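Starting from the given sequences, assemble the full structure and let the hints guide the process.
Numbering (UniProt numbering), first residue to last: 1 to 119.
Don't take each hint at face value.
Stated by the list, open to error - 20 Å max Cα-Cα, derived DMTMM-like pairs, lysine to aspartate or glutamate: (1) K88 <-> E62; (2) K88 <-> E49; (3) K88 <-> D101; (4) K88 <-> D58; (5) K78 <-> E49.
No lab work stands behind these hints, which were simulated from the structure alone.
Computed from a predicted structure; not experimentally measured.
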Amino acid sequence: MRHTAIITTALLIAGLTVGCSSNDKNDAKPEAATPKAPASVTATQVLSEEEISQQCTDAVAEAAPGWEDWNLDIAGWKDATETPEVCKSLDNLAFHQAFIDGLDIAAACDTPAALPGKC
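See the structure below:
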């Protein structure tokens, strides 16, 4: 019984000590706020010209079957409604190569064996 009284007293003292130390919030320095990144932050991925050209080729191949005319004005290709948005950052030579490749894919889709995996 004597050991129980000693243990109980020790626990009460420990509880009071913990209780008192948790009330010292007025004396404690405020913690520095950790800045949080906004939830809408997105990583900007930089693509190479080759990757953009491939995306352009794919976009032309997907869009071309719906076009009435596969001719494109060389001088005003960036302003043409048929030009996919992804293509507009390419220079003239890269765009025209991607455009021709995309038309080739669109034309070959009638014969999928010509370009396996592209149709």
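| message | Are any of the numbered hints broken by this structure? If so, which, sorted upward? | response | Of the numbered hints given earlier, the structure breaks none, since each of them holds.
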